[in-house]
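K.L.:
We have chain H already, so just place chain Y on it with the hints.
Chains as they are written, first to last, in our numbering: chain H, 74 to 326; chain Y, 14 to 320.
Think of the hints as simulated: they come from the structure by calculation, not from any bench.
Among the hints, a few may not be true.
[What the hints assert, rightly or not] No more than 16 Å apart at the CA atoms, straight line, and that leaves these computed lysine to aspartate or glutamate pairs for EDC-like:
1. H:K270 x H:D117
2. H:K156 x Y:E310
3. Y:K152 x Y:D303
4. H:K270 x H:D187
5. H:K108 x H:E256
6. H:K156 x Y:E283
7. Y:K118 x H:E167
8. H:K270 x H:E188
9. H:K108 x H:E98
10. H:K108 x H:D280
11. H:K128 x H:D117
12. Y:K118 x H:D170
[To be verified] So the derived list for chain Y, only partly shown, Cβ under 10 Å to chain H, looks like this:
13. Y17
14. I20
15. F28
16. L29
17. L31
18. G32
19. T90
20. L93
21. A257
22. I268
23. E283
24. I287
25. V295
26. S313
In this text, a Cβ means the ideal position worked out from N, Cα and C, and glycines have one as well.
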Amino acid sequence: MLRLAAFLLCLLTPLGVTAQTEAVEEDVVLGLSQKRVRITANFDGSEILLFGAIKRNAPQPEGELDVIIAIAGPSEPVVVRRKERRFGIWINTESVDVSAAPSFYAVSSSRPLDEILSENANNQYRITADRAVWTLKSEAAFAEAVLRIRSNNGLYQRNEGAVEVAEQALFRSTVQMPANLTEGPYIARVFLVRDQKVISLHQTVIDVRKVGLERFLFNLSREQPLIYGLLSLAIAIAAGWGASSAFRLLNRG
Amino acid sequence: MQIYLPIAEVSVNAFLLLGLGGMVGVLSGMFGVGGGFLMTPLLFFIGIPPAVAVATEANQIVASSFSGLLAHLKRKTVDLRMGVVLLIGGLIGAAVGVFVFNYLKSLGQVDLLVRLCYVVFLGIIGALMFIESLRAIRKMRQSGGVAPAKRKHRGWVTALPFKMRFRTSGLYISVIPPIMVGVLVGILAAIMGVGGGFIMVPAMIYILHMPTKVVVGTSLFQIIFVTAFTTLLHATTNFTVDMALAVLLLVGGVIGAQIGTRIGVKLKAEQLRILLAILVLVVCGKLALDLLLQPGELYSIGDVEGH
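This is chain H alone, in the form it adopts within the complex (with noise of 0.2 Å):
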């Protein structure tokens, strides 16, 4: 019954993704509400449907299953710099290197991490914003200010509940990307743990990028900055010539 579910849930959506080749006695079956972020002019967030069942080769194991969905975006080296009082004002003075910080993550889970996840296992999967996040052991405070800052943008997020399990078979839940999203490939990994071990881990690809006028600019202005200034340039010229002749026909008439 439950394949049967699996297995239309899966005819159902075009998405559809056929889980990894593993043999594992429990797998996933993942569908998204779309594969495919596309931040055109009036982008201002969107949100991403998961959903899914679990397919078993055996019967059910005892424990309760429960559901971690992690999505990463694209991640990049970045500096970190701390503000000092120097001269009575506030400048940058240390700046650290963070080799690796992925520019978006969103953990969801189906109940609080601490009580479902061993610390080993999260090491082992990185599963936690924290574990994402590389730096060395005495630059800490470096790591845990790009946590905070992200976290408090709204890049980095962490649902504690916000995966639905039913009848330990059927997963849904939604995630909510920021209208400040960078490009590039986004990560999605379903973990499915049971007595604080991951047992079964799915994982696919979300893509983000710009389209139409945002991807022409972009573009534009990376790979012929100088026609682009100059097409900014003649952009302002025109308005700011067509605006003084436009009130002076105003005036007139």
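P.N.:
Positioned in the frame of chain H, the structure of chain Y alone reads:
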């Protein structure tokens, strides 16, 4: 209506930008200033990255100055020869300014530099204007509206070599002071994202002793070319000119400027100047507080250079 800015990579309300453009446009029309010194800090406040704000504002100033220059050219109140001399200085200054800007950006100090420049220059100009307009108003009350006698003191400017005749301004002076003024304004334009009219106009009157009627037109002439050059430099070295942002700001700005000009005609010069001085001091004070008070977040995240 939210709009995603392709270069700044932030999403902001389009009407907020149109409104800001319009508001600053009204003020710039009223006071006859470019408005860059107000717009750039306002863009910082709404969360546009400073590098993008400075570069884009340079582009917007081209638009807002252009219609003004056309009007002055028609009235023949532009000293083209002086404008070209100031421009030569301005281009050198802009190149130096963008170089300094990029160097400090790599050190992570560009925010500080931009803010410090604002605090220092807005503070000085605002205070001077405030004191002078207060004095003018007091004098008007005492003497019943007699204009103060014009000083004929030329000083060190006449003693320098490389003299040149500027017919429109009726001057025969060395080219060194105008070039120096141009360089200074060019540096400021590149670093602060302003036209620099608020520095150049007093410098033209008090240092170069140019007649007041050609000062504004000539400064607009210089500003357009220097800010256009700055825009190109920022666009090709930093990729920080945001066309979508510029368009929204300048649509609001050019409309606002036309309205502002109409309001400005109805107010007295001294009242205008004291209002402008207060405005400048308020912006300066806000920026100074940001530097002096402990920020809520001591850490900031920046891009790795060359990325």
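K.L.:
For every hint, state whether the structure bears it out.
P.N.:
Hint check results:
1. Straight-line distance between C-alpha atoms of H:K270 and H:D117 comes to about 37 Å, which puts the hinted pair past the 16 Å bound.
2. Distance check on the hinted pair: H:K156 and Y:E310 sit about 9 Å apart at the alpha-carbon level, within 16 Å; holds.
3. A threshold of 16 Å between alpha carbons decides the hint, and for Y:K152 with Y:D303 the separation of about 37 Å lies outside it, so the pair is violated.
4. Between H:K270 and H:D187 the CA atoms are separated by roughly 12 Å; this keeps the pair inside 16 Å, and the hint holds.
5. For the proposed pair H:K108 and H:E256, the alpha carbon gap of about 14 Å is at most 16 Å, so the pair holds.
6. With a C-alpha separation of about 42 Å, the suggested pair H:K156 and Y:E283 falls outside the 16 Å cut-off, and the hint is violated.
7. A hinted pair counts as satisfied when its Cα atoms are at most 16 Å apart, and Y:K118 with H:E167 qualifies at roughly 15 Å.
8. Of the pairs offered as hints, the one joining H:K270 and H:E188 holds, with about 11 Å between alpha carbons and a cut-off of 16 Å not exceeded.
9. For the proposed pair H:K108 and H:E98, the alpha carbon gap of about 27 Å is over 16 Å, so the pair is violated.
10. Using a Cα cut-off of 16 Å, the hinted pair H:K108 and H:D280 holds, with the two alpha carbons roughly 6 Å apart.
11. Using a Cα cut-off of 16 Å, the hinted pair H:K128 and H:D117 is violated, with the two alpha carbons roughly 36 Å apart.
12. Between Y:K118 and H:D170, the direct Cα distance comes to roughly 15 Å. Compliance with the 16 Å bound is thereby established for this hinted pair.
13. A least Cβ separation of about 4 Å between Y:Y17 and chain H falls short of the 10 Å threshold, and the interface hint therefore holds.
14. Interface restraint check: Y:I20 against chain H, minimum CB-CB distance 6 Å, threshold 10 Å, status holds.
15. A hinted interface residue such as Y:F28 counts as satisfied when its beta carbon comes closer than 10 Å to some beta carbon of chain H; here the least separation is about 12 Å, so the hint is violated.
16. The restraint placing Y:L29 at the interface with chain H is violated, with a minimum CB-CB distance near 13 Å, outside the 10 Å limit.
17. Of the supplied interface hints, the one on Y:L31 is violated, with its beta-carbon coming no nearer than about 13 Å to a beta-carbon of chain H, more than 10 Å.
18. Interface restraint check for Y:G32: the shortest CB-CB distance to chain H comes to about 17 Å, outside 10 Å, so the restraint is violated.
19. Evaluation of the Y:T90 hint against chain H yields a violated restraint, the C-beta minimum of about 16 Å exceeding 10 Å.
20. Hint on Y:L93 is violated. Least Cβ distance to chain H is approximately 18 Å, over the 10 Å limit.
21. A cut of 10 Å between beta carbons decides the hint on Y:A257: the least distance to chain H is about 7 Å, and the hint holds.
22. Nearest Cβ of chain H to the Cβ of Y:I268: about 6 Å, under the 10 Å cut. The hint holds.
23. Evaluation of the Y:E283 hint against chain H yields a violated restraint, the C-beta minimum of about 27 Å exceeding 10 Å.
24. About 28 Å separates the beta-carbon of Y:I287 from the nearest beta-carbon of chain H, more than 10 Å, and the hint is not met.
25. This hint is violated: Y:V295 has a C-beta 19 Å from the nearest C-beta of chain H, more than the 10 Å allowed.
26. With a cut of 10 Å, the hint placing Y:S313 at the interface with chain H holds, because the nearest CB-to-CB distance is about 5 Å.
Violated hints, in rising order: 1, 3, 6, 9, 11, 15, 16, 17, 18, 19, 20, 23, 24 and 25; the structure is consistent with all others.
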